[in-house]
Amino acid sequence: MPPRFHLLDRAKLTVADLQDYPIYRWQAEACPLLDERLASLMPLDRESIQQVSSFEMMALWVAAGYGVGVSAQSRIEHGHGWGITVRPLADGPYEIVTYLQRPHGQASPVVERFERRALKVASAGTA
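Start counting the sequence shown at 1; every next residue gets the next number (full-length UniProt numbering).
Read the hints as simulated data drawn from the structure, not as lab findings.
Note that the structure is predicted; figures quoted are calculated from it, not measured.
Wrong hints could be hidden among the right ones.
[To be verified] Think about it this way: if two alpha-carbon atoms lie no more than 20 Å apart in a straight line, the pair counts; the simulated EDC-like pairs of lysine to aspartate or glutamate are:
no. : residue 1 : residue 2
1   : 12        : 112
2   : 12        : 91
3   : 120       : 91
4   : 12        : 115
5   : 120       : 95
[Unchecked claim] Computed Cβ-Cβ distance ranges for the label pairs, DEER-style:
no. : residue 1 : residue 2 : range
6   : 103       : 41        : 35 to 45 Å
7   : 64        : 110       : 10 to 20 Å
8   : 36        : 99        : 14 to 24 Å
Cβ atoms here follow ideal geometry from the backbone N, Cα and C, with glycine treated the same way.
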């Protein structure tokens, strides 16, 4: 949230609390359920969700006061030092899903090592 956002006194926010503000989302964090919920609350005469090319760009727009950013908890922890305030969504949690796709055939050792690490991290997060 921007530094002078009027809802800073709340410990948690709902998606409905954000309906009057431009919302910035990093396009790499696909969460269809959350995006659908955000879009359903926005006025029809306004672009509902602004997609940005990086988390840093989203943080820049938010710190400048142009709107509210919605991102994964693991990313927003980096925003504390950038002049933005973080609040969890009370009507979540929403899951961000990442797909690991690779072509058929033999993968390089680097790709195989990355795949093993990704699967290990994913299984640790569900335990």
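Hint check:
{"no.": "1", "hint": "12 with 112", "in the structure": "violated, 40 Å"}
{"no.": "2", "hint": "12 with 91", "in the structure": "holds, 9 Å"}
{"no.": "3", "hint": "120 with 91", "in the structure": "violated, 29 Å"}
{"no.": "4", "hint": "12 with 115", "in the structure": "violated, 35 Å"}
{"no.": "5", "hint": "120 with 95", "in the structure": "holds, 18 Å"}
{"no.": "6", "hint": "103 with 41: 35 to 45 Å", "in the structure": "holds, 40 Å"}
{"no.": "7", "hint": "64 with 110: 10 to 20 Å", "in the structure": "violated, 38 Å"}
{"no.": "8", "hint": "36 with 99: 14 to 24 Å", "in the structure": "holds, 19 Å"}
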